[in-house]
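One letter stands for each residue in the lines below.
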Amino acid sequence: MHGPPASPSYPPSYPPAYAAPGPIATPTDISLPLRSSALIGALAGLIGLGSAAALGAPDLTAGLRLIPSVLLVELGSLALTTPALLALHQFFGLDASVEDLASALARALVRGGQVAAGLILVVVGFALTTDLAIPALLAALLAVGVFTSVVGCVELAAVERRAKSAARAHELDDARFTLLLIGWSILSWAIALRIGLHVARWVIGS
Amino acid sequence: MNSHANSTSPASVSSTSLLALTGLLLRSPERLVDDHEVDLQARLIELAPKLLALTLIGGAAFGVVVGSYRGSIQYLYAGLKAPLLLLLPMLVGLPALRAFLAACELRLSWTRLALASLLAVARTAVLAAATSPVLWLYLSVHPDYHRAVLAMAGTLIVVGVPGLWTLTASLPAGGRNRPLAHAAALAVFGVLLAQTGWLLRPFVVRPRAEIALFRPIEANVFSSLRATQQAASGRYGWEARGAGLLGRDVAEPAELPFEAVDPQVELEPQQQEQGVF
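Just so you know, the protein sequences line up as chains A and B, in that order. So that you can map any letter, position 199 of the first sequence is 199 in this note's numbering, and since no number is skipped, the others follow by simple counting. So that you can map any letter, position 238 of the second sequence is 238 in this note's numbering, and since no number is skipped, the others follow by simple counting.
In isolation and in its complexed conformation, chain A is listed as follows:
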């Protein structure tokens, strides 16, 4: 014996089950401008992740220095590799505009910040109950880096594909663009590691 097909107490003003956010996810519309609130939220997520790890820091100085650590690594890596990417992209004569490429990288930063924000609670949990705050921070930083890289590559490929379809299609350009993406990814990780080492030394005070 069953009741009516749907609960009669549902307020009629509720949106349907598959109103936004919808069941079928759609890729970000790259033609839409990035909202500044999204960027601020991402930066807050990066700061928040460092702050979460600071809860488990051995002393106050290290804790205070841990707060901007994730932001420094993520922003430093992007800031130091973006000019090279943009310059080489134009030098190779590829199709996407500089503005679109910068926007794609900003989206990657936003996604990385969202991942950082999502991991705050996990790092807080480890900082409160174990001495693994720093390893947890490093693992979270790794996740942020992986997602930033992957999203960055996907977004860059999307803007390039869109620009190419609006202009022309050369097989050679694909190889150059792929090479550019691989080079940018490797450079980003190498620079992130270097900055990470510097930040680590600064945090521990040596």
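It cannot be assumed that every hint is accurate.
Said to hold, decoys possible - With a straight-line cut-off of 25 Å between C-alpha atoms, the simulated SDA-like cross-links for lysine to any residue are:
hint, chain 1, residue 1, chain 2, residue 2
1, A, 164, A, 149
2, A, 164, B, 176
3, A, 164, B, 177
4, B, 50, B, 113
5, A, 164, B, 105
In short, the hints are calculated from the structure, not lab data.
Add chain B to chain A, keeping to what the hints say.
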């Protein structure tokens, strides 16, 4: 599909008994989310108490069985803590899961994510309860402490995989690079489950050990596993110190003479308190 399956349609869950909901949960839980005719928020409101009840009942049944290794008040303690073992990792890991999916272009409402998570946890709890008799049978022959812990962990893994699959299947299609999000979520939930188990320990208590609801906050699950591994290879001794912001006031480190975990030698109660779970 038989008549029973048809009789419990997702649209009629508001008037469904717990038992019928359990059947639906085990048979096709994703249908409770993928019903286009029903508002998800209303569905969450009507299902959340029932799913939590199933989690509490199933988890408690599993916990009671685990507590049977020691008996006494541990029946109650383990029965109370086992549902938390299932719920806490999900609660802490949910923002991370949402962020991973968002990074893969899969935007989800908290409502949908909460419903999918509750379904996953409730299904895991029901499956844990269903496998409890097998675990009880094994524990009833009084296996070695470490084997008992392994049996508990193995059971949780066996029932946790369908639970995670439920979570995945309850999420909408689409997105890009979803395997990346799923792999990251699996890693986060795995680590959280292990650490939660460590924080809520003891579940399996040695037969002559002192029973406590919770142990002090000290060390972590990874160091305890390393110590167990070292003990297995003949290297004994482990200092469990207070750890983390909440555990730093636990002053005295406890020396753990793993050499005393010889089947021929009984530990003093205070030495027996430590262990993996």
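Against the structure, the hints come out as follows:
| no. | hint | in the structure |
| --- | --- | --- |
| 1 | 164/A x 149/A | 22 Å, holds |
| 2 | 164/A x 176/B | 21 Å, holds |
| 3 | 164/A x 177/B | 23 Å, holds |
| 4 | 50/B x 113/B | 17 Å, holds |
| 5 | 164/A x 105/B | 23 Å, holds |
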